[in-house]
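Q: Now that you have both chains on their own, put them together as the hints suggest.
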Amino acid sequence: MDYVDLVFLIMGISALTSVLFTFLTIRTKDLMYAVVFSSVQSVAYALIYFLLLAPDIVLVYVAVAVGIYPLIIILLVKKVGRYEVMT
Amino acid sequence: MLRDFIFVSLLVIIILALTYLTYSGGLGDLPPQDVRVIASNYLNLTYNQGITWLWTASPEAVTAIVWDYRGLDTLFETVVFYGAILAALTLFRSVSKIPEFVGGVGLSLVVKRVTAIVTLAILTVAASTALHGHLTPGGGFQGGAIASVAPLLLLVVFGKQFFIERRISYSKLLTIRNASLALLGFTSVALLILGFLTGAQGYIFQNQAKTISTLSYPPYLLDVPLGGSLFFYNLFEFLAVASGFTLVFTILLSRDETLRKELEGEELGY
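Chains Y and D, in that order, are what the protein sequence lines are.
Counting from 70, one number per residue, gives the positions in the first sequence under this note's numbering.
Counting from 36, one number per residue, gives the positions in the second sequence under this note's numbering.
Next up, chain D with everything else stripped away, as it sits in the complex (with noise of 0.2 angstroms):
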């Protein structure tokens, strides 16, 4: 009793503490009423007609700030995700080997028919804020999160043999992944390479024409921006999301047996 006494007076102590740095003016201005130089450079530029050799070709400043002003920043984030990804999958590299248990039958009929018209909507959102990741909020990686979902749902209800049956295996998401892994770095040589084939100047993670280079990805579809590279990226980075996901919880929803059979050791190190 007496600890939950002290536990909730720290909290309204540290609120009422926030409150009246943030009344006493301690962040400035709220909202801030200026916006800072690089910025509003960055709003000015990324879809400006006018100065094509900086723009991005993107309406969507945060996806031409992530994969083209800042990319090399993002290209790391990236690949500190699939590190993380590839450790889990390292760890239980054998469960792959394992010969699948097909006894469930999953849910109630009731529960199937919700979820799969529920699956066909997440699809949709996600490959729509993938795809649009250059014109709207969102991206590759938010599309892949939110795609990753869907085959969860899938799992959970309809039980490991759906994907059995229907041939969606271990191996072929690993594949997936690592293709669009490959293609994304592809994307960002690709200008770089045909540089050198074609004797033209060209530079690593180049979007957009520049003053020093003519070569350039298209920056419109028809007539709807395209955004160059920025489309590509968005695309990879969410297939490559989604299929590391899901073989991340294909693995943790395994049998127990296999899993902990996996750990065996780990109390001697290995």
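Looking at chain Y on its own, in the form it has when it is part of the complex (with noise of 0.2 angstroms):
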């Protein structure tokens, strides 16, 4: 196995990663947990950015999916309850 062909192994582990967080994020009714479940995504994403040579992307991508942007849900969350009524 050459430099490559590790590199895109990485690349399928995180996106595979992603999917499985996005799967969290939408089934978990707790919408904390879902706020660090999609960060968690965030990251994965972050990872394939950076190995597709992007850095100006994760610089800016790591500020909003890790600080900015949880902090605008965790708000909205704290105004309509943390839990999901089942209906």
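It is worth saying that the hints were derived from the structure and are not from the lab.
One or more hints might be untrue.
Unchecked claim - With a Cα cut of at most 30 angstroms, we get these calculated DSS-like pairs of lysine-lysine:
no., chain 1, residue 1, chain 2, residue 2
1, Y, Lys148, D, Lys207
2, D, Lys296, D, Lys195
3, Y, Lys98, Y, Lys147
4, D, Lys147, D, Lys195
5, D, Lys207, D, Lys147
6, Y, Lys148, D, Lys296
7, Y, Lys147, D, Lys207
8, Y, Lys148, D, Lys195
9, D, Lys207, D, Lys195
10, Y, Lys98, Y, Lys148
11, D, Lys296, Y, Lys147
12, D, Lys147, Y, Lys147
13, D, Lys147, Y, Lys148
14, D, Lys207, D, Lys296
15, D, Lys195, Y, Lys147
Quick caveat: nothing in here was measured; it's all calculated off a predicted structure.
A: Take a look at the structure:
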């Protein structure tokens, strides 16, 4: 296995991780957990961007996806309640 | 349960389909073996000291494309972003006039100390990202987005009173944002105006001297590449993005009653 294969393998694992955490984000009833899962998915995407040699995107993506976006969602969760009600 | 099963099977099918597509060569060679002509031109010219009538004086090709070769595209992109911020500010325009609630004391001492240290680190990284945008990956928007996390943390951990005591007011932030935007616009037409005044040839979004025009931003500061106008675009974009985001956070973190009052009448379409 050469270097390029390794890079593609890590990208594949990150992509699968992001799918798993997207699934958890959609399924969980606790919206605070959903925010955390969504952030983990964003970190996996940031790793993929980095391996695709796009450091400019990584810099803004990490700040927005791990800092700004969770805050706005948490503010929203604070206003609408933490647990999703089953109907 | 059945819904979960269908959902998971769909996900697996999509993943397998994409894997098959990639493996069978649907996306071409991975990684691509050749560089397109336009890309190789950008890479060859951006810091080519032999062809200074086509260079940007910046070794960072991405920033060179974003703010010089395709500068007008970025200008309109910036307009869209500030339009969105402007809409948020207009919607909650009277929040700035309502007296602030100053009862909050913030979180515990431990959290405050840790946040103080982290804030310093965030601001340092942000400044380095923005001011070295023409040398290393990063730029004004990236630096501004990173920097805006710092006031956000301060607002949550120290409370709004921290800002009021230090006289960091809504109108001051708005002034910084407007001034940065105005200077950003001025940077794009500065050489054109200089051309009008001196009778020389100049054009909009000019950075370095061309064959038809001798006007130019300085390519070097001492012996470090400055990237001409790229440094100034990054600097003003950094200030504008950081202050714009901070303004929106200040509004979002206002008291619930204040915000609800703003949105009264919404169901009647104002």
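Q: Next step is simple, just say for each hint if it's right about the structure.
A: Now for the hints, and whether the structure bears them out:
1. Y:Lys148 x D:Lys207: holds (29 angstroms)
2. D:Lys296 x D:Lys195: holds (20 angstroms)
3. Y:Lys98 x Y:Lys147: holds (15 angstroms)
4. D:Lys147 x D:Lys195: holds (14 angstroms)
5. D:Lys207 x D:Lys147: Since the Cα atoms of Lys207 (chain D) and Lys147 (chain D) sit roughly 25 angstroms apart, the hinted pair holds (cutoff 30 angstroms).
6. Y:Lys148 x D:Lys296: holds (15 angstroms)
7. Y:Lys147 x D:Lys207: Status holds; Cα separation ~29 angstroms.
8. Y:Lys148 x D:Lys195: holds (19 angstroms)
9. D:Lys207 x D:Lys195: This hinted pair holds, its Cα atoms lying about 15 angstroms apart.
10. Y:Lys98 x Y:Lys148: With Cα atoms ~16 angstroms apart, Lys98 (chain Y) and Lys148 (chain Y) stay inside 30 angstroms; holds.
11. D:Lys296 x Y:Lys147: Status holds; Cα separation ~18 angstroms.
12. D:Lys147 x Y:Lys147: Holds - the C-alpha atoms of Lys147 (chain Y) and Lys147 (chain D) are around 22 angstroms apart, at most 30 angstroms.
13. D:Lys147 x Y:Lys148: holds (25 angstroms)
14. D:Lys207 x D:Lys296: holds (24 angstroms)
15. D:Lys195 x Y:Lys147: holds (18 angstroms)
Checked against the numbered hints given earlier, the structure satisfies every one of them.
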